[in-house]
Amino acid sequence: MLSIALTKGRLEKQSVAMFEECGYGIEQLKDKGRQLVFQDSIKDQRYFLVKAADCVTYVEHGVADVGFVGKDTLMEADGRYYELLDLGIGKCGFIVAGLPGKSPFEKLGHVKIGSKYPHVARDFFKKRNMDVEVIKIEGSVELAPILGLCDGIVDIMETGTTLRENGLVVYERICDISARVIVNRASFKLKQKEIMALLNDLTKVRDRHAETNGSK
Amino acid sequence: MKQFTIPTGMRDVILDECAARRELQQAIEERFESWGYDEVITPMIEFYKTYEAGFDNINEQDMYKFFDAQGRILMLRADMTIPIARLAATKFKDVQPPLRFRYCANVFKVHEDLSGLKNEISDCGVELIGVDQQSGDLEILMTALDALSVVKDHTWVLEIGNINFFREACRFFQISQEDSEELSDLIDQKSMTSLAEKLDSLKLSEEGKTFFLQLPWMSGDREILEEAKQYCFCEELKEILRRLLLLADDLQQLGCVQIRFDLGKTKNLNYYTGIVFEAYVEGVGKRVLSGGRYDTLLEKYGRNLPAVGFSIKLDALSQIYQAKEKEKKTVIKYHPDDRVEAMKKARELAKTTRICLIVDSSIKDIEIKEETLCCQSR
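As they're listed, the protein sequences go chains A and B.
In terms of my numbering, the numbers along the first sequence are unbroken and rise by one, the last being 251.
In terms of my numbering, the numbers along the second sequence are unbroken and rise by one, the last being 408.
Chain B extracted, bound-state conformation (with noise of 0.2 Å):
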C-alpha cells in the first residue's frame, strides 16, 4: 500500500488546534493594529542573496534552498525582519519615516531530524523603522507587553539584555571574531565550566575575566542592573546599563512587572545592534516570543534607517491558549429526494447558524435538530 506523509519538521494543524491558534492570532492582531502597525504580505520565496546580504555569516545549511529557471539560488523565507527591511528600503524608499508594519507568516529553517523542533514556524510581529533606541525601544516594548496580555491565565515574562554589553566588552579587549563567537555560545548557553576553560585559554585580565564569567549570571529583577555595574570596567558599559536602567524605571512608572533582565543575551542572531528580548510564558519549554533592535540592518538594503521588532511564535503560544467554545451546530437531515427543499432551508439557517447537512434515505422528510456531536467529531 502507499503511504502519504509530510515531511520532516512539517505538522498539520487541525479542529481545535486549528480554532485556538487561529483565534489567538487574531487577538494577537488586533492589538497590532490598535498600536498602529500595517500589514504587509511579502513573498514567500526570496533570493538567497537578499538574505546572504543580511547576516554577518549566513547558515546556509539551515535553510531551505532551490534554483529558478535561470539558476539563481532561491529560498523559502527564513524570517520576516529580512523581507521587510529589503521591502522599507526599496519600496518605501521615499516614505518619511517612522514606518510600522506588522505580518503574520510562515517561516521555514532545516532543524535536524528528530529533534522535535518544527521547520516551518509561524509568525506573528512588527517592525518600527526608522525611529531610535530613545523612543522606540519603549514604544517596542510596551506593544510586545500588549500582545502578550492575550494570554490569561498563565505566568509569563518578558525579559530584556543587550547584545552591546558583551560586545563593547569583547571589542574592549580586543578579542577575535571568532574567540568572541564562541565566547558567545558559551555564555548564551550559560556553560560554566567550558566557559571558564576558554578564559583560561584566552589570557584576559582579571578583571575581563571576572566580568565574562559573571555574565551568564546577570540576569534577575532590575536589581541586577545594579548589581552589575561594579563589573562595568569602561564608559560605554556603564552608558548600556544606564539606558537599561533607565528603560527599567520607564517600565515600572507604566506599571509592567513581569520584567526581567540577562545581561548574557549574546545569542549573535548577527544582526542585532541594542536591546534583544524574549518572552516565556508557563508551560511552554520555548520562548513564545523573540526580538531586538537592529539599526544597520536596513543600510545593506539602500536606506540607512534605526529600527527594532519582534515575532511571537504562534505554535509555541497556542500550546496553552484556549480557544472559546464552538456553538453548537443545526444538523439537517434529509432524503436526497427533499434535496432542494434542505437546500433551501440551509442556506436560510446557515445566515444565522452553523449547520451540518446529512443525507439519509431512511427517513422521510426533513429532520431539523441541535446536536452536540457534530459530523466532524469522531
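Next comes chain A alone, as it looks inside the complex (with noise of 0.2 Å):
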C-alpha cells in the first residue's frame, strides 16, 4: 500500500489529471466531498490533500511514502527524502524584481530584500557573495518595493502579469521551477517496486505531454 500526498490548490488539478492518464482508479479524487483521504478503486494506493509546506513533513516523516509538490517548496524548506521526478506540470521561475530603474543589484549600501521565500532569497544573494536583509512577507509581495519597504522581492513568476501590472520588472531569473515526486527514504527501500511502477507511469504520461506540447 502506497500512500500518495498531494498538494492542494494550483497543482492539485494537473496531478489528478495526470492520475487519471495513468489509468489510476481516482473517481474519489474527482468528486472529494468532505473525505480527508481517497482510496484509490484500482490500485493499492491512497490519496490525501495537504498544502504544500506539509507535503514536505508528511513524506519526511514517513506518513505519506511519496509527495507531489512544487520545487519551489523544496527550495524553502531543505528536508531529507528522495526528489526522483520532474512531473513537469506547474512550471514557473524564482525571479528577483523591482522598480524600473532601481536594481537592487546596482544599489550601493543596505539592501532589503522582501520574499515569501527568506531561505531562498538568502541562499541566492549569498551566492552572489551580497548582504542583503531578507524580509519575510506572507502575500502580495509586490506591494513591498512600491510602498518602500525593500529594494527588490523574490518570488515565483508564471507569466509576469502580476509584475507588469504593478509597474515591477524581472532584474534576474534565479532557476527555473515545477512539480517534482519526492519519496520517504525508509519507503524507498522497503516498497521500491511499487515506487518504480509509479514513476514509470508518470514518466511515460509526462514524456507523452512533452511531445504533444513540443509538436504543437
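Honestly, the hints are just simulated from the structure, not real lab data.
Some hints here could point you the wrong way.
[Stated by the list, open to error] Pairwise CB distance ranges, derived in the manner of DEER restraints:
hint	chain 1	residue 1	chain 2	residue 2	range
1	B	Lys-32	A	Val-98	30 to 40 Å
2	B	Glu-266	A	Val-204	50 to 60 Å
3	A	Arg-115	B	Leu-45	29 to 39 Å
4	B	Gln-204	A	Gln-63	48 to 58 Å
5	B	Ala-380	A	Met-231	49 to 59 Å
Beta carbons are placed, not taken as given, at the ideal position from N, Cα and C, and that holds for glycine.
Join the two chains into one complex using the hints; note that each chain is given alone, in its own frame.
Given below as C-alpha cells:
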C-alpha cells in the first residue's frame, strides 16, 4: 500500500489529471465531498491533499511514502527525502524583481529584499556574495517595493502579468521551478517495486505531454 | 503562572515508552555482548577540538557548544565514534588489536526548530577496531544483522553501499572538492533534475555524465551490482564492485536475505572510507541503524588502525517495539497507624512481586490484593 500526499490548489488538478492518464482509479479524488483520505479503486494506494509545505513534512516523517510538491517549496524547506522525478507541471520560475531603474543589484549600501521565500532569497544573494537583509512577507509581495519596504523582491513568476500590472520589472531569473515527486527514504528501500512502477507510469504520461506540447 | 517546559528537540520518555526502550536496549546490548564487545562509558562533554580533528569540515552550528573556566570550547558529544576513536588511540595505545567496544549513550545535535527531529538521540552501537575490510566488514554486518533480529513481526532491510565508489569516480574526473560535495548531496537526495543540471555545468565526458546520472538508481538487490559493472570505466571502480559482490555472496551463503545495495550512498559523513550501511524497518520513516568503515580516523588521534562500526537509533526503533506485558502490582492499603506492620509486609512482598502502597485512613486493617490498575496509571 502506497500513501501519496498531493499539494492542494494550483497543482492539484494537474496531478489528478496525470493519475487519470495513468489509468488509476481516482473517482473519489475527482468527487471529493468531505473526505480527507481517498482510496484508489484499482491500485493499492491512497491519496490525501495537504498544503505544499506539509507535503514535505508528511513525506519526511514517512506518513506519506510519496509526495507531489513544487520545487519552490522544496527549495525553501530543506529536508531529507529523495527527489526522483520532475513532473513537468506547474512550471514557473524564481525571479528577482524591483522598481524600474532601481536595481537591487546596483544599489550601494544596505539592500533589503522582501520575499515569501526567505531561505531561497538568502541563498541566492549569498551565492552572489551580496549582503542583503531579507524580510519575510506573507502575501502580495509586489506591494513591498512600491511602498518602500524593500529594494527588491524574490518571488515565483508564472506569466509575469502581476508584476507588469504593478509596474515592477524582472532583474534576474534565479531558476526554473516545476512540480516534483519526492519519496520517503525508508519507503524507497522497503517498497521499491511499487514506487518504481508509479514513477514509470508518471514518466510515460509526462513524456507524452512533452511530445504533444512540442508538436503544437 | 509559571510554565515549566523542556528545550526544543528534547523529550521525556515515560511509562510504557520507557519500558519498551529499556527492554529493546537490553536485548540489543545482549547481542553485542555475545559478539564479544566490551562496554565503555565516555564523558558526555568533550573538547570541541577533538571533534574538529575528526571531521574534515565540521558543521559547527549543529553542535551544542559552551566554554570551560579557561575559555576552551566544550561541546556535548555529537556521536560516539569520535570519543571511542580518541579512547582507542590514547588509553589503549599499547593494547594489541583487535579492540571491540560497545556503548549505549545519548548524543546531541542541534536541529532546526519545528522540524520534528530530536536533538538528543539515544545511540546503541559497536566499534570494531584494528580489523581491515577483508574480514572486518563481514563480521560487523553479521553483528548488525544479529542485533536487528531483536525486531520481530516487522519487515526490515539492511542496505549496503561503498562511499569510495563515488569518491573514486570524482578523483578519476578530477572534480573539485566543492563540486564533489555538491554532487554528493544531489546524489544522496536522488535529486534527479538538479543533478542533471549540475552535471551539464561540469562539462564531463558522456561516460562520466552517464555514470553520475545512473548512480542514484544503482539501488536494489544483488543484481544491481552486476548491472553497475557496465558503467565502470576504471579498475578502481571494478575492484570496489568486486569486493561488494564478494560480500553479497558471503552474506548469501550465510543465509542473510534482508540485504540490499545502494551505490548512491554518498552522504559525506566525512570520516567514512569504505562500506557504509543503514537499516530501515517497516513503520519507521527514518533509518534505525547506520554505520560504516573509517580507516583514517584513528590516525588523527595518534594511532593508525582501520575500524568499522555502527549504531542503532533506539528512539526510532522503539517506536515499533512492543514491551512485554508488565506483571500486576500487589496493592497494600493501610491505616496510618498500621504503618510499621504494613512496611513489614511490604518488605516481604517486594522480594517477589511489584507492590504499590496506599495510605487510607478510612480502613481499619491492612488490605492486600492484586490489582490491574496500579497507582501510576491514569
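Hints not upheld, ascending by number: Of the numbered hints, all hold.
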